[in-house]
Each structure stands twice: as structure tokens, then as C-alpha cells.
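Chains as they are written, first to last, in UniProt numbering: chain L, 1 to 542; chain V, 1 to 542.
Treat the hints with care, since some could be wrong.
[Claimed, not checked] Partial pick of chain L residues on the chain V-facing surface, computed with a CB cut under 8 Å:
| # | residue |
| --- | --- |
| 1 | D210 |
| 2 | K481 |
| 3 | T493 |
[Unchecked claim] 30 Å max Cα-Cα, derived DSBU-like pairs, lysine-lysine:
| # | chain 1 | residue 1 | chain 2 | residue 2 |
| --- | --- | --- | --- | --- |
| 4 | V | K414 | L | K437 |
| 5 | V | K62 | L | K304 |
| 6 | L | K191 | V | K151 |
| 7 | L | K481 | V | K459 |
| 8 | V | K191 | L | K151 |
| 9 | L | K481 | V | K414 |
| 10 | L | K414 | V | K463 |
| 11 | L | K416 | V | K404 |
[Stated by the list, open to error] The following label-pair restraints were derived from C-beta to C-beta distances:
| # | chain 1 | residue 1 | chain 2 | residue 2 | range |
| --- | --- | --- | --- | --- | --- |
| 12 | L | K476 | V | E442 | 28 to 38 Å |
| 13 | L | C540 | V | R287 | 47 to 57 Å |
| 14 | L | K437 | V | R505 | 42 to 52 Å |
| 15 | L | V133 | V | P398 | 56 to 66 Å |
| 16 | L | G197 | V | A257 | 24 to 34 Å |
| 17 | L | E263 | V | G502 | 55 to 65 Å |
| 18 | L | K437 | V | N415 | 16 to 26 Å |
| 19 | L | E263 | V | E260 | 35 to 45 Å |
| 20 | L | G197 | V | G340 | 33 to 43 Å |
| 21 | L | D155 | V | R287 | 42 to 52 Å |
| 22 | V | G95 | L | L394 | 55 to 65 Å |
What the hints contain is simulated information worked out from the structure, not anything from laboratory work. The C-beta atom is built at its ideal place from N, Cα and C for all residues, glycine as well.
There are 2 protein chains.
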Amino acid sequence: MTRERLTLYDTTLRDGQQTQGVQFSTAEKHQIAAMLDSLGIDYIEGGWPGANPTDSEFFATKPQTKAIFTAFGMTKRAGRSAENDDVLAAVLNAGTQAVCLVGKCHDFHVTTALGISLEENLENIGASVAHCVAQGREAHFDAEHFFDGFKANPDYALAALHAAHDAGARWVILCDTNGGTLPSEISAITKAVIDSGIAGAHLGIHCHDDTGQAVACTLAAVEAGARQIQGTLNGLGERCGNASLTTLIPTLLLKPAYAERFETGVSHDALKTLLRISRKLDDILNRVPQRSLPYVGASAFAHKAGLHASAILKDPSTYEHIDPAEVGNARVVPMSNQAGQSNLRLRLTEMGISVDKGDTRLFDILEHVKAREDQGYAYDSAQASFELLARRALGQVPDFFEVKRYRVTVERRKNKYNQMVSLSEAVVVVKIGAEKKLSVSESVDSEGHDRGPVNALAKALAKDLGPYQAAIDDMKLVDFKVRITQGGTEAVTRVIIDSEDGQGRRWSTVGVSPNIVDASFEALLDAVVWKFLRDGVRPCPS
Amino acid sequence: MTRERLTLYDTTLRDGQQTQGVQFSTAEKHQIAAMLDSLGIDYIEGGWPGANPTDSEFFATKPQTKAIFTAFGMTKRAGRSAENDDVLAAVLNAGTQAVCLVGKCHDFHVTTALGISLEENLENIGASVAHCVAQGREAHFDAEHFFDGFKANPDYALAALHAAHDAGARWVILCDTNGGTLPSEISAITKAVIDSGIAGAHLGIHCHDDTGQAVACTLAAVEAGARQIQGTLNGLGERCGNASLTTLIPTLLLKPAYAERFETGVSHDALKTLLRISRKLDDILNRVPQRSLPYVGASAFAHKAGLHASAILKDPSTYEHIDPAEVGNARVVPMSNQAGQSNLRLRLTEMGISVDKGDTRLFDILEHVKAREDQGYAYDSAQASFELLARRALGQVPDFFEVKRYRVTVERRKNKYNQMVSLSEAVVVVKIGAEKKLSVSESVDSEGHDRGPVNALAKALAKDLGPYQAAIDDMKLVDFKVRITQGGTEAVTRVIIDSEDGQGRRWSTVGVSPNIVDASFEALLDAVVWKFLRDGVRPCPS
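Take these sequences, add in the hints, and give me the full structure.
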């Protein structure tokens, strides 16, 4: 049986950036684009070249992707030609294979928000699309407020679509910009568009979650004939967010009603990385992953009710709509270590540690992880600390050195030029073998700037580790995330530190304490010890 | 025009309690029941009497509500009469007007999970419902796994429903227990049930969010004829949660497709309290409210894109699907470097600051915001700091006091019991008017635990602000977020602090520095000054 191809268009880097509190750096945009590409997305919309410095910089260094990399912009303004519109020119100058232009379809918006005539708007749409096509680009038309526009004036809304379609747009995307349209309305209106003469193979759908139905609206449009789906990872996006590709993709691949009719560019192997991609995005955003997310949430396959858990042991399909492994997730059954132990063995194997099934130390490690996570540790985001925990339980981590004490001072006061300046100083005392070493560092970098107490502490710790020095000379701290979390009955601080070395290895460690400096120091120590293990450093005899 | 009545059934206190990490106390159950009752819910399911001590205690002290208070339980077990089933007896002994019993409808579950014959199960259902009715109770039958059961064996699934219906059940509730059924399937199967002879006026719907479509599935069942809706506040519930009444209620009341056909027990006045109820529940659970929740999320009416904000100024309906005030919410126009002058003016207006269009100070503020965001500040997450920035640019922030200097020391060493312990100490020197004040605090709390350097600093700053002391005595630091970000060419630390006062006001401030202590101190200072402004504190003459 031949299945129809659905096209997936990701707008995490553009509409997703409209989420309150989200501001991607250029480096983060590159990371996310690479994740999307590995997943098998067809189009990656990178942002709006010319709209802000980050987007312009991202397009200047645009990633090499299998996906079609796409620039977003808007149709030309009235009173000038497409060739002479500087905003449109900035978009085209980004040099992407595809260009997606937003334009208005709701008569009220044309006259109220734009303040131009209905005819001028149609001309703007047609001329802009034609200009892109003439430049050899694949043109997409984002039909803003299409559904509300259709309800108000169907003829005009359709005329706007056809202006783009007739000018050569490869895709015309029906946008429910305000997010208030219901699935039944989406379905009926999408069918009306197809009846007006635009084939479903040229129609896309772009929904928002303002009534909690972005996914259902998207699927309703697909059932009505639309063949391009726009969405974002984790449902990021303005207001309540966009349709979540993290939810839509597994639904399309795993639910027979869709899987039997359609195929996408996402393979079942790639689907197994979905949870990791979802968490990585949260990591980049320093957000706590939402436990209740469909498919990829930490609770998505957690069976708390006693009745459910006992049935699950008899047959998982009794209370699971899909196999969690299909999306890289795992069953959580409180009070049952069955699933936990096989997960754990798998993780240990990945780190090159082999432990026999049924080894009681597996149980010890699980209990230890559980106790530490109760205190606020997060081992999902700190694989290196998890590895150390497991290796310590297995007696595989030697005592390289002992920290006897440390002290950090942060002082802010006026300098001789009457400017307020800060200075931090750290003293660390370690014992290596029989030798005691005192190191002191301050937080000022080579350009005379204060880098703060954790920097001073890291420098003091790394200043003189005697025989181990060579192993850490190429280490640097590349990211540092802190959050207040609940540990037992008290709020504590969790610090996650990402380190990198000269070989490009990157690893994450975690520390927890009510004291942010202590938590940082714990994570720093783990980072150093992990590096020693990886480099095969031999401990000094004590 | 007569509208049909839809019945709302809340299961926050029962299925909502299956959420990972949720465990209500009896007092909290009382608080939540009162909130649900004030909203106008028809049925409040309180829990399962006899299943655990909290639920038993709650039913022993059961609340007086306008809503019909309902006990949950399961149909009797095989091999005994309904009269002699102790589990069922505990449910009936709770003495509620209505009783909701869950029973199996999926043949596979009957034989696999229960291990009884299909006929025995039908007998259990009929006899249990009949027993409740004979005791003068209103009986509800929760048809577990109904949709999966219908797909596997429609005759048996329908037979289970009819066993309950024929025995006198007031309501038969179609449950999508595993949450994997799609809206189109829900619709078709609900219609099949009505065709089998159970009127829609006796049919309820109970959905879960495992494909992100709990709301859409619920509405699909209503469109197919079901007239009772089960759900929870904020979509709490096992795994991905239940259908959210917080989303469904505004949709039913505000979307013409439903509002014109149906009415519920929730008035438009009560609807205006929805946001407060949603937040109160998060408060009880000590959860950070999800910003992107439909209708009631803090971001649900946040307009970050510059183009959107300029249109909103012309007419709010351009980018809002409903009036936020209808659900007690409000429009937010966050500031960020993507925003233009119209965003800014709107934002200022909302803070009670009126600046004429074209006022050059608008340009100054925008430039200032852009420059600061380039340094790493994030004003859309720190509204209070933004307000201070704007008011400073407009000359509306007096000099309350001056920080002359501070010093923080963190020390970790062995105590007399040979344990490693930490202690932080902070000294802050401020000048208020002509007076210089030195304050010192340490990081140890009333229970002798070290709370870290930022805590010591906050305490030292707040220890003696002389004439301003009264204004800050009820302030507390409730959240603290830190991340490394790129400021100019250097990595810097951004700290966002959430503060709260005795009146329940909550505000966010931001500080940026390479030094985490400095960044924290800057955010703390902003928090204090914002509170002074809000409370109308008069500056001391200097």
C-alpha cells in the first residue's frame, strides 16, 4: 500500500522564539537546527533575517542541513515594488533555498492594522511571491488569520490565498494566528479551500494552543486534506504555544489511523531520540521539563494508581497506549525496580560498565539515585555525575585527592577612580598523597575583568593539583545552570556545570546544596574527577 | 432559544491526585472543594473512601456543597454479593448522595487483569449499581477502557454499559483510560453508544491527555451527544493528566459554537475567578504555574512579536481570540529586543505611565532595553526591573539609599565533629540620607542550616534600612534562577529573583554580572526599590 507523504515544517527558531522568556543565541540556534535535522524534519525555519541582530547573524552563518533551510519574512509593503522593499530584500539576501512570507487574509486586518486597501494587499502578496519565485526560491505563503478571515469574508480570504498560489507559491499555509478556531471549523474551512481549487498537496496548517487544541486542529486539517504541518519542539511559541511537533510526530508514526495512511521524513529510529531532543531543548532554555508532556514527559508513562501498576505487571498494554521505548521514554512504576534495573543496566552498558542482571549492586545504585534525586540532584542532565555515582558504588573511583577546606570572598567597593568594582578571591586547600597544597586565585581575567566567585574557586582548585595538573590544563567551564529546587523539606540550589576539554569532549556534572558556592564546588570536583577517569589518570599513593 | 444543559463533573480530588508528586491533605481537599463549588461545578468527586487514610478522613468530615458530593469506588468483586463486598460497603458508608463505580468494559482486561469470566463481570456491574440505587443513591458507572474495549469487542463493551444502565445508573461515563483514542474515534464510538439505546442525557465522557487531545476528545463526545463532562482543574491527573476543566469551561462559555447551544452551572461572573482558582491550586501544590496554559496562563495573552503589539494597540481583537478579562486574565506586552515602540507604549500604559506617541524618551528607553539585553538582561522575564528602567529614564525613581560597599565570605571546613560544614557571612554598608548603616548577617537559618551567600546578603541588606524597614519586612525571596549567558563578547551570569510580599504580590527582577553574587545583589536591590515604589514609600532627604 502506498502511503501519502506528509511534510513537516519546524518553526521553533522563529515562532518558538516568541515564547515569553525565550531568546536563543546564535550558537543555540545552531544546536537546535542540528537536532531538528537529525530528527528528519523537512523544513527548518531559522528566523527573520534583518529583524534582529541574532537572526541576522544566524543566517550569515547558516547551518548545512538535509532539511530545507528557510527564511521567514513578510510580503512587501504597499507603495513600492517587491524589488525595492528593503525588508523583503533582507530576507532574500539571506540566500536560503526557501522563503516563507506572511501576509494578511482577513479584510479587517488589512484595513485596520495595515491601513491599506484590500486590492493593494492582494497585489502585495502576488508581487512578493512572484519576486521570490523569479529569484529561484521556493516560496511559502503564511496566510495570517486565515480562519478568522474566512469566517468574516470567505471570498477575500480565498482571494488572498489564490494570489499567492497563482504567483507560484509551492505551499500556502493556513494559519490560525489567534489560536481560537475549533477543530470542526478548521476541518470545514480547509475543505472549502481545497474546493476552491488549491490542492491539499500545496496546503499547510499552522495552529496555536489557545483552546488547548493545537494538535487536534492540526490533525483535523490533515484529515481534511492539508499535507504540510507546521509546529515547534515542545510546543514552544507565542502565548500558549504552537502545535507541538513533539506530540504530533509520535501520533503520526504510532497511531494506526495515521501510520497506515501517511509517511513522514522521521524514521522510527529517529523517533527513539525524541525524548532526548525534547530534554535537550529544555536544557538549552534552562527550563524544567514539563512532566506531563504527551509521549516525552517524565510522567507520561508513570503508573501511580495501585490497580494500574499491578495490571501493568501482567501486561503493559493494559494501561499504556503505546510502548514508551518507541519515543525513547520508559515506564515508571513506583515501588517496582523491575523496569528501573533494566534501564540502569542499559545506561551502564552505554558507559562501558558491565554488570550482570540481578547483581544486588544494581539495586544499591537505584536506591542511591532515588535518595539523591529526593535531595534535589538531577542525573538526567548530569551524565558524568551519574557515571561517578555508579562507578563509586562499584568501587571503581580511586581517591585522587582530598579537599581539606576552602574560602571564597566577594567584595564590592569603590576603587580609586570612585567606580564600584567587585573582586573575588578563593583559597583551596587539598591533600594529594601525603602532600598538602594551598592555592589562592582571584577572579580577575587577563583583561582585568572580574569573573566572580565560582571562577575564582575553579581557578584555585585547578591551579596546582601537582601530578594531576596535565590532565586538567585543557579543561574549561562552558556552561553553568542554577536553579532552586525542593530537596527534602527545604529549598536547595542545584548547579549543573558543563565542562569541555581540548579534545572537544563535553560533560555535565551536578552539585546540590542550600549554598550556591558549595553546590558549584561539588559539581566542579565531579567534573575534575570524571576527567581523570576518562584520561586514565593514576592516583598518587596516599 | 433554549440551550441544552451540560453537566460538569470534577475529579481533581480523585483522578487529579494520581498526578506524580501530588498528595492532598484533608484540609487541602476542603479548600479545593470550596473553590470548585464557588465555580459552579455540578458534581465534586472527593476520592475513594476506604482506599487511604486521607480520603477516609475527608469523607468523614465531608464538605457542605451546592454541588453533588460524590464518592468513588469500584464494582463488587466476583464470588460475593454486593451487600457483602467490604470495599463497596466502605464507599456507600461514606453517605454521599452520589456514588461513582468503576468497572471493566474491555474483554481482555476482564480475563487478563481481573481473571474472571465475562459474564461474572457483567453481573458485578449490574448488581453493584442496583445495590447503590436500592440504597437511595444516585449511581454513576465509570466504564473503564471503554473505547479500547469497543474497538476490540463492541458487543461486550456495550453489554457492560447496558448492564449499568439497565440497573438504574443515572450516568454512564465513557472513559478513555489509556488516553490514546483520537477525537474522530471518540466521536464515532459515542454515536454508536447512543444508537445502542443509551440517551446522550445519560452519557458522560472522561478523557486523558496522552496524545495532547483530551480537550478535543471531550468536545468531540459532546458534539456526538454526551452531556456529562469529567475533568480536573489545570488538567491534573495520572500520566499526562485529565481533560482540563480550566480549558473546557471557558471554551464552552465563550466560543459561540458551544455557548449558543449549551449552558452549564458556571456563570460568567464565576468564570472571571477562573485564573484565581487555577493559581490557588498551584499554590496549594507549591507548583510554579505553567505560563502557557490556555486562558489562565501568565503568557496566554502575552504579545511578544512587535507586529502583533502594534496591531493590538489599534484593536485587541486583532491578536486575541477572547477578551482576557472574561477569565480574570490580562494582556501582557513583554519588553524584549524584538519589540517596537508600540509594545513599549502599551506596556507603559499598563503600568500607569503615559507617554505620548513620538516622545523621544520612548526611543531612549528602547535603546536602553536593547543595550541591556545585549549585555544579558532579560526584561520579558523581569517586569519589575523593566518598570524601574522605564521610570528611571522618565525621572520617576528617587534615590532612596546608596550602597557604599559589601563583602561576602563563604567558608567550608571541618567542624569540631570532623564534618565538612559551610558558613557564609555578609556585610552591607548603605547610606540613607546622611546616615551610614553597617549590617552584618550570616547564612544560618533558625534551624541551624547554612542557606548560602545570597541568603546572607539578602538578610544583611534587609536587616536595617532604617525608615524604610516597614516596607520590606513582609518581603521574601520565593524563586531564584541563574544562567550563564552571552553579554557582549563575554559570558556573564544572569540572575532572576522572584519576590513576594504579605499582600500576595509577586514580582521579578533581574541582575547581570560575570559575578553571580553581584548579579544577585543587583536583582535584590531592584526588588526592594520596586516594593518602595509600589508602597508609595517617601525617600529620606539626603
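We went through each hint and held it up to the structure:
no. : hint                        : in the structure
1   : D210                        : holds (5 Å)
2   : K481                        : holds (6 Å)
3   : T493                        : holds (7 Å)
4   : V:K414 - L:K437             : holds (17 Å)
5   : V:K62 - L:K304              : holds (25 Å)
6   : L:K191 - V:K151             : holds (28 Å)
7   : L:K481 - V:K459             : holds (24 Å)
8   : V:K191 - L:K151             : holds (28 Å)
9   : L:K481 - V:K414             : holds (28 Å)
10  : L:K414 - V:K463             : holds (22 Å)
11  : L:K416 - V:K404             : holds (14 Å)
12  : L:K476 - V:E442: 28 to 38 Å : holds (33 Å)
13  : L:C540 - V:R287: 47 to 57 Å : holds (48 Å)
14  : L:K437 - V:R505: 42 to 52 Å : holds (51 Å)
15  : L:V133 - V:P398: 56 to 66 Å : holds (60 Å)
16  : L:G197 - V:A257: 24 to 34 Å : holds (27 Å)
17  : L:E263 - V:G502: 55 to 65 Å : holds (59 Å)
18  : L:K437 - V:N415: 16 to 26 Å : holds (22 Å)
19  : L:E263 - V:E260: 35 to 45 Å : holds (40 Å)
20  : L:G197 - V:G340: 33 to 43 Å : holds (38 Å)
21  : L:D155 - V:R287: 42 to 52 Å : holds (48 Å)
22  : V:G95 - L:L394: 55 to 65 Å  : holds (57 Å)
When each numbered hint is compared with the structure, no violation occurs for any of them.
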